[in-house]
Structure formats: structure tokens, C-alpha cells
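First to last, the sequence lines map onto chains A and B.
Going by the working numbering, the first residue of the first sequence is number 1, and it counts up by one from there.
Going by the working numbering, the first residue of the second sequence is number 1, and it counts up by one from there.
Simulated from the structure, these hints should not be mistaken for laboratory data.
Any given hint could turn out to be false.
One copy or two, either will do: identical chains are not told apart, so a pair holds if it fits within one copy or between any two.
In the DSBU-like style, the derived pairs of lysine-lysine whose C-alpha atoms are separated by at most 30 Å in a straight line are [claimed, not checked]:
#, residue 1, residue 2
1, 553, 520
2, 226, 340
3, 487, 520
4, 520, 549
5, 594, 348
6, 549, 13
7, 340, 193
8, 180, 348
9, 485, 594
10, 348, 226
11, 485, 148
12, 487, 180
Number of protein chains: 2
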Amino acid sequence: MAYKYSYKTRDIKFILKEWLPVDEILAYDRYKDYYTKDDFDTIIDQVHKIAAEVIAPTAEEGDTVGVRFENGQAYIPPSFHAAYRFIQDNGWGTSNVDENAEGALPHVLNGLLLEIQAAANPAFMPYVGAGSGAAAVIQLFGNEEQKKRFLPKMFDGTWSGTMCLTEPTAGSDVGDLLSKAYPTDQPGIYKLKGQKIFITAGDRDDVENIIHLYLARVEGAAPGTKGLSLFIMPKYWVNEDGTLEDNDVQCVGVEHKLGLKGSATAALVVGENNNCRGWLLGDPPDENGIGQGIAQMFHMMNEARVDTGRLSTAVAANAYWNAVEYGRERVQGRLLTDPKGGRVTINKHEDVKRMYLLNKATTEACRAMLAKAYYYEDVRIYDPDPARRDWAQRMLDMITPLCKAYPSDEAWILTAESLQSYGGYGYCEDYPAASATRDCKIWSIWEGTNFIQSMDLIGRKWRQNKGQDFANLLKEIADFIAENKGKIEGFERELEHLEKALHAYYEIQGTILQYVTTGKVGLMPTFARRILTATAQLYCGYLLLDQAKIALKRMAELGKDHYDYNFYLGKVFSARYYLNNTVPNVWHIAEIIKIGDMSVVEAPDEIFDY
Amino acid sequence: MAYKYSYKTRDIKFILKEWLPVDEILAYDRYKDYYTKDDFDTIIDQVHKIAAEVIAPTAEEGDTVGVRFENGQAYIPPSFHAAYRFIQDNGWGTSNVDENAEGALPHVLNGLLLEIQAAANPAFMPYVGAGSGAAAVIQLFGNEEQKKRFLPKMFDGTWSGTMCLTEPTAGSDVGDLLSKAYPTDQPGIYKLKGQKIFITAGDRDDVENIIHLYLARVEGAAPGTKGLSLFIMPKYWVNEDGTLEDNDVQCVGVEHKLGLKGSATAALVVGENNNCRGWLLGDPPDENGIGQGIAQMFHMMNEARVDTGRLSTAVAANAYWNAVEYGRERVQGRLLTDPKGGRVTINKHEDVKRMYLLNKATTEACRAMLAKAYYYEDVRIYDPDPARRDWAQRMLDMITPLCKAYPSDEAWILTAESLQSYGGYGYCEDYPAASATRDCKIWSIWEGTNFIQSMDLIGRKWRQNKGQDFANLLKEIADFIAENKGKIEGFERELEHLEKALHAYYEIQGTILQYVTTGKVGLMPTFARRILTATAQLYCGYLLLDQAKIALKRMAELGKDHYDYNFYLGKVFSARYYLNNTVPNVWHIAEIIKIGDMSVVEAPDEIFDY
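Bound-form chain A, shown alone:
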């Protein structure tokens, strides 16, 4: 059996109970009657148990059986049915999106619970997540009738949802999509016509109906993304009495992918018989042909971007813990420092320890960054102070591209290092490392490629609110440095590295500005992905150091014999490794950017004939 669930939750408990100011969130009206931090351990343990016992057993079938397509219907792996129903019925699924339900999970908690679940079977997660995302959009932008008709069955998981953006000729280029919407006699109801591809959970045989959110252009609306509108397009039309009828939404196939084989990636053709109807969300295009669709879709998209980082982190971290378990059993070689000694388990070798520590530090860095995003999510919605809600929204805006791209870029490297640590067995599908590498590769692509994230960061987020929002992010780091300089014992050099990285980052910004204003604007996209990496490494360096501060304090309190001492020691090692081995990359990238090589910009296409 290849798949193995080895997830650990101690870092998640640390984040929630010792690091982030979660009390503040639990005091919000939305949560105050339902949760205290004392409940968290129990909830986390319960979700870990569900992940291990209900979700993880479906992973192997997901990868080997995959999704079957037959006569216009996608059949998901049989074992997914019961797992989906269990999650929905027991309060871990779409119901948490319901703003009116009692006891919904705080985002900061649920974000981390979803990581625990995602690691158990990343191909299973979209079947829950896509429905939650679609329901949230309808709840936010739908009218009363729409909410009444769709939300109850979406919240309880009887129906699911999707987001339909991509078309065969419009991927990154969503503004050029060809799907059309035509008004009908009924107000708010449009006829839809078009093709969509790469629709995650786009067809399935385990739910009664699928409520697609479909991006299309109302005939006559403006070109580009601004002319788009969003439609509720059910697979089966929902009559007022709740009965269903065919809605001319055909699944025409599923993709055969490198990984995530249990996740149905569907191609849809809608309105081929001119009989597909959709409800418009919000208002029709205004007098200038401007629709509300792309902004509405971005609500779901931004969550999906954070979700992508979470999936990447979950798969990389599980692969790392798998590798550690293997390394403790596998005997091979002798130590360089003790060549006459006996053979040792491979976890004693420095290069294997390097792989583990790289994985540990980087996944913890990603988890910390993602947890900040979940935290901002609660504050931006529920904080009673409008200024604080606004602040949280802006901070979330700044880190969303980092949350999507950095973990998904790193996952490719990290899972490969985990695989490498097995030796030849890592390449065999009987061990769990190989499928982790296959699963993770899509995440640098979907929900906006990592290049799109990078340009969002440096083209949009750097400049949002006249640059003030991003400056606030950097100020948070600068303040941390100022407050802690010389005050974290044993971390003097690490803090210097953070400071040097921050200054290098200012240089990166200055250098790019200079290129843009001196006719070298092409260097901006050329260096965009490297800048995003540097941004995440700077930010994560700060977060890990902030966590290490707490860990050092706890270690002093607890003493070496305490059962939890090694957890805190590990946090200290993560920070040391990351600040000494990864954070220097920020000034290395700054140097490369200052070199400013124009070869990419100037290269004519003809040279790639060779």
C-alpha cells in the first residue's frame, strides 16, 4: 500500500494556542458563545482521527482507480462517496460556510483543520471545498430567492458546487473567454452557451446536483474581464418546488493527469441544445457593459489561492513525516564521523537530516504564513472595528499571492528531497513519496499560475493603496527587528540575516522601479517569480523567528526533561535552519536583479530552434 498518513498536529496547536492572538477572534460575536481555546485540542484530535480513519483510507483507491468517465458521467472513486457524506454529516464540511448557522468553525481554526484533512487525501478535498466556495459566493452575492433555492442543500452537501472559468482558448487569459449569456423573458434568468475545461469536481456521481458558478459574457457587454458576469448554473435545473430537470450541461470528459487522479477534472459543454439556463448573480452589466462577475469570482478565487498553498503544505509535510518514519527503520551506511562504527539507520546521516530539516523548516514556514491568512480572514469579516476589518483585508490581499505560490513552488523541491531520502525505493510507487511529487505539481499552475501570482504581487499588490498596504507588511517586519535586536539570545546572527534581507528587499523594489522607469520594463516579468520567492522567504523568516522566540521561552520554563521540550527545540532548529540557509536567498536574488541581465528580454524566438 503506497499511501501513508503520518500527519502531526503539534505545530498546529502551537499556532492556535501559543502564537496567534486567537483569543481576540474567539471574542467576536460570531464565535464567543461557541468556542474557547480549551476546546481546540479536542477538536484537532478529532479531525486528525477522522482524517486518518475516514479520509486517508480513500487515498490509495483515488490514485490507482482514479476517475472513470462513461456515457457523459464522471464516476469518482467509490470509496470517496462515504467519506464525503461523513464529512458533510458530521459538521466538517460545507456547513461551516453558513453565516447563519450556529457554531460554525472560526476560519483560523478551520483553515488548519483543512490542512490535517488535505494531507489525508488531497484528491478528495476539492469535492468538499468546491461546494463550500460556491456556497459562500451565493451567500454573499445572491438574492433572497437564490439563497433560499440553493443554499440549504449546498450547506448540507446534498448538492455540490464548482467554479467554471477556464475555456480551451482562455486559461490565464480569462478575459478572453467565449462563453455567452443571453437574457430571457424571465428577469435574472439567462440562456448560457459555451465550453469549460479543467473544472475541478466538475462532474461526479455522489451528489444529487452540482451548482456551477459559471463565468460568461452577457451579449453586448464589454470585452475583457470587466465585461463578465457570474451565473448560478445547476447541472440540473431547480424548479420552485425543488424538483430537478435537465439543464443541458454535459460533461464531455475528464483529464488524465500526472497526479490527483481521484479528483475529477472535467470538461463541460453547456447549452449545446440551446436549453441551458442560469441565474445571474448580482446586477446585469451596467450602461458601459461592465459586469460584476470577475469581482464575485475573485471572492472564491482568493480563497482557492490560499487553499492551494494549504494543499501544497499538507502534501509536502506528510511526505516529510513519511520519510522520517522510513529513515528511522532503514539501515544503510556508516557515519563519516564514526567510520569504524557499525551501520546506522539513515536518519543519522547529515545529508538525510538536511533533507528533513529543510522540509520541516519550510513546511512550518508555509504553515505559519497560511495561518496568518486564516487569521486575517476572521478579522476582516468579524472584527467589530471597521478600521481593523479594513486593515485585515489589506494584509490578506498582500499575502494571498505568497500563500498560493510559495508553498506550491517549494512542494516540488521538498517532495523530491523526501523521495530522494528513500534511495531507489522512493522511485517505486509502493512507497508514498512518488505520488506526493505527482500530486503537488498542479498547484504551481491552477488558480492563476505562479507567474500570475508574482505579477499580482509586484504589479498590483506593491502599488495597492499607493503602496501603503505593502509598506505596512514590510513595516511589520522592520518593527519586529527593531523590537528584538540583540534580545533573542543565540539568535543574534539570525536576526542580522533578517535585517539584511529586509534591506535587500528594499533594494529589489528600488531596482525594479528604476528598470520600469528606464525602458527596461521587461525585467519586471523576467524577475517576477524570483521576487515572489524572496518576498515569501523574507516574510517567513520573520514568522519563524517570531515563533522561535516563544519556543525559547517555553524551553526555559519546561526544562529538558519535559515531554514537550523537543517540540520547542524543533521550532528553534527550524528558525535557525531557515534564517541561515534560506533567508540569505533574499539578498542573493537582490544581487541577481541588480545584475539586471537583459538576455531573457532580448532573446529572439529563433534561438530556441536550437
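Using the hints, position chain B against chain A.
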């Protein structure tokens, strides 16, 4: 159809006809009556045609049908049979190893021809290569009787070969293998008993016999690698009259791998019925129990290491050219520099061009380095001057670990960038990018993991011949810098980078020496892999710059309208990109090493519980 062969040979012709001093090799007695450089274009074109028309059509079946195991027999993909026979019958296979045959291909040429073939189906190549490697070892170390009995049918491909090292409990740790050899009444004949795993081309149904080279310990010989002996162990015993009979060699299974699915990775059990015989190669263990096996095996292993780099380069370069072809057709997005302009093919986007140029420069760097290895191979064997033969052997020793590890590490990054350039289609197996990523991952592991290569480099090769051999490699670079400083127009900055990298490299060596002598020996393995990368980047930076010098000259001679101008322009761009974006990594690694973070060395295993 997923697999696509898009290989280009212009750079290979450049290497052979314009860059390396190949005339010198063609003047050797071994070759002088058979080849001139004027023949090369024809030969290369012919091999390219064979690769495209004979080998490439087998790739898809190799990946999808793979190897079948049934009743103790591995069945290779059916289409491989005819391709194997074609290669052998037409003089491109094992016969080139025959030292007595007329017209065998020079190594420097054949090495590059094998790259052209490898790209057409990397899973097919071992079926030819393993036989060639085994035949070469028998030719070198076998006695007359052994040569007579085995070589003719190995040279013509009727029989194939393997090398059998790894056992379930002895991978990197080959000295701990458990296979045993027991003398019999017949001189030179031993009974063998043991298990082997991960035997490439270890079983197959397309040849009459498989001549395994089997590493085992004669009973009573010394422990560790030095006690090992090497045996010719045929799948079917070969009687003096040429008849075959069972030799108690059982194939007990094949691995289910992430990639290279058409290549049979077999597990063997030998001597289970106490009836497996092998011919000893060379002498039995001496009075101290020291055998000749490991040294003999290393002859084949060193070639296999260079071969691994070649396979990696071939797969990465083919994936790059696939991506370029796709990018010229696929329309998506507008240019940042021309946002009001129309939609463009994706090959116009800077980030896509960056992916291409990174791939182009890095695969050309790897190819250049490998070509130096092939060149040294000819010189070390055939040069009439013993001092020059010795020099070439030593240079080959120095670069062998680089040739194995650098391309196989890079292939993981490069193929991922090619995949990324397709967007979502890259993740679908209907396009050729996905299988390239799967195929390449084994190469950082087999034939000695890349960590083993790194320790070979800094633990052994740095010190070989009291450090003189490696110093000669660095001196070659230093001499190049001294000769060319200020003399390559437009490359002043790039030459400075090379010089800075060389000085940083001296610092790396000095810093590691200091760690070793001050009780921090654990930092040597900790940084080993990064040092190997830095070594290859320094060396390849020099090689690409050396090539660019020639290209600049040709461009001036030919003028912009010449059909070949863009090839040379591409060489110039490769060097510019590599020297400005990759070579600076050498001093970045030097800085990380000087930071000297001890966290990997000091990390206790317990922290990896979290």
C-alpha cells in the same frame, strides 16, 4: 499521443566540429582509417532519423504498457523488440564496444549520438546500454576463454548484460551486500547464492540470454567493498558447445515505478536451488581476502554515471524543445510592454522565455560538460602518449561525479519549468511534459545517489593525487580567465562573474578544510550537495563562455543574414544567461558555507517527530 520527439542536433555538431579538438582523436590509430570530421554530419543526421523513426515510436507504449511480469519472466514492451534488433543490427549498439572490430565509433562521437537516441525513449536505452557496459568489462578483465564464450554474442546483441550490485539491505552501502560465492572443483567456477534488486534490464524476453555481472563475496574474503569479487553469471549457463541450460537465476518481480516504465527494473534470486554457477573475473581474493570485484565494477559504474547525466540532459532538452513548439502555437494573454496590442503566442511572454532560456542554457551546459567526458574517454584509452592518457584519466575522474549529479539534479527543475509553460495542459498526460518529469527522477538516485557523488567529489576527488588533479581542473578555468580577460567583447561582466566564482570556489575549499580541522567535520556532508552544484556551475560557466567565444567569431564572419547566424546568437545568449543568472550561485553557496550553520549537524532525531 503524449510522447513527442523534438530533438535538435545543431549544438552536437558544433561541439564536435567547432569546439572540441576532435581532429586529435580522429588521428589516433584506432580511428584514423575510418573517420573524418566530414562524415559527422551524415552520421548524426542518420542517427537522428533512426531515433525519430525507430526508437521514438516505442516511447508511448513503453510508458503506458510498461513491463509485464508473469510466471518468473519479465516481458518488455512489444515494440521494443524490433527497435533493439534494429539498433544492434545496424551498428549503433553493443558492437561499438568491440576493441577489435573495425570502424567502431569514437567515444566523443558516440557519446553524443547516444544522447540523440536517449531522448527518443529513455526507457529503451538501458536495453542496449547495459549489454554494452557488461561486454566492456568482460573484454577488459576476462580471460581468453571467457571472452570467446561470451563476447561475440554480446557484441551482436543476441545476448545482453547487466550489472548486479544492489540488494534489499545494501544499496548505497554496497560493501555490506550478502551475496556469496563458493569455489567449486572447476577452476574459476563458483556457486553463487543471493538476492539482487533494482537490476536495470535485469530480465527481458527479447534476447536469448542475459550475461549478468554479479558482485558477491567469496566465502572467507574480507568484509566491506574490498572483499568483493565480480562474476559472469549468465541467466542460462553457456556450455562449451554453445548450448544453454538453466542456471538457477530467477526473476521474482519488476518494480512499479514513477517513470521509465518501459525499463525492466528486476529483482533476482540466484542459487535458490544451489545450482547457480558463475565465472570469476580476474583473480580470486588474495591472501588478505581482497578481491578485484569493486574495481572491475567501477569501470562499468563510471560509464553508467556519465550515461546518467546524458539521459538527464536528453530528457530535459527534449522537454524544452517540446515546450517551445507548443509555445509557438498557443495563444494566451497580451504583452506587458504592449497591453493594448492583441493576444500573443505564449512564447512572447518574458516568463516563458525565461523558462526556455534557462532550459537552453542549462542543457547546453550539461551537454558541454558531458562532451568533455566523452573526449577524455578517447584520450585516456587511445592517445599514444602515456602522460596524456594519464592526464585524461585524471580529468575524467574529476568531472565524473559532476556529470552524474548536476544534470540529474537540474532535470527535475528544468522539466518542471517546461511543464509549467504549458499551463494546465502540462499536468495532463496527453502532453509530453508530465512523463518527462516522471522519467527523470530516478537519475538523482541510481548509480550512486547524488549525495554519494558529492562526497566522492569533495572527499575523494578533491584529494586525489595530493589535490593536484582537482587543482589542474581549477587551473584550466583560471588560465581561461587570464587568457581572455578584457578580450571577449561584450562579455566583460560575464568574465568577471566567472573570476568571482572561481575565487569563491577557493574559499569554499578553504572553509571546508577549516571545518574539518576544527571539529566541524559534519559540515562537510551537510554542504556536500551544494558544493557539487557550485562546482558544476563554475565549470559549466567556463565551458559556455569558451563556446560563446567561438560563436561570436562565427557571427562576425557570417553576418546576420546567414541561415546559421541564429544558432551562434543562441550560444551567446546561453552564455550570457548562465553567467549572469546561474554562476553567481557559486559565491552565494560560498557565503552559505561560510555562515556555517550547524543546525543540521546538531539536530537531534526527536525534533522530527514534529
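How do residue 520 and residue 549 come out at 30 Å by Cα distance, when the copy is not named: within, between, both, or neither?
between (42 Å within a copy, 27 Å between copies)
Alpha-carbon proximity between residue 594 and residue 348, which holds within one copy, between copies, both or neither at 30 Å
between (41 Å within a copy, 24 Å between copies)
Intra/inter-copy verdict for residue 553 and residue 520 if alpha-carbon distance must be at most 30 Å:
Intra 49 Å, inter 28 Å, cutoff 30 Å: inter-copy only.
Can you tell me if residue 549 and residue 13 fall within 30 Å by alpha carbon in one copy, between copies, both or neither?
within (16 Å within a copy, 59 Å between copies)
Is it within, between, both, or neither for residue 485 and residue 594, if the alpha carbons may be no more than 30 Å apart?
both (28 Å within a copy, 22 Å between copies)
Between the shortest in-copy and the shortest cross-copy C-alpha distance, which are at most 30 Å for residue 485 and residue 148: within, between, both, or neither?
neither (56 Å within a copy, 76 Å between copies)
Status of residue 226 relative to residue 348 across identical chains (alpha carbons, at most 30 Å):
between (57 Å within a copy, 24 Å between copies)
Within a copy, between copies, both or neither: which one fits residue 340 and residue 193 at a CA-CA cutoff of 30 Å?
Between copies, since 28 Å is at most 30 Å while 74 Å is not.
What label fits residue 487 with residue 520 when the C-alpha limit is 30 Å: within, between, both, or neither?
between (42 Å within a copy, 27 Å between copies)
Taking 30 Å as the upper bound on the Cα-Cα distance, should residue 226 and residue 340 be classified as within, between, both, or neither?
between (71 Å within a copy, 15 Å between copies)
Within, between, both or neither, where residue 487 and residue 180 count as close if Cα-Cα is 30 Å or less:
neither (61 Å within a copy, 62 Å between copies)
Evaluate residue 180 and residue 348 at a C-alpha cut-off of 30 Å and name the case that applies: within, between, both or neither.
between (61 Å within a copy, 29 Å between copies)
Consistency note: the structure conflicts with the earlier hints numbered 11 and 12.
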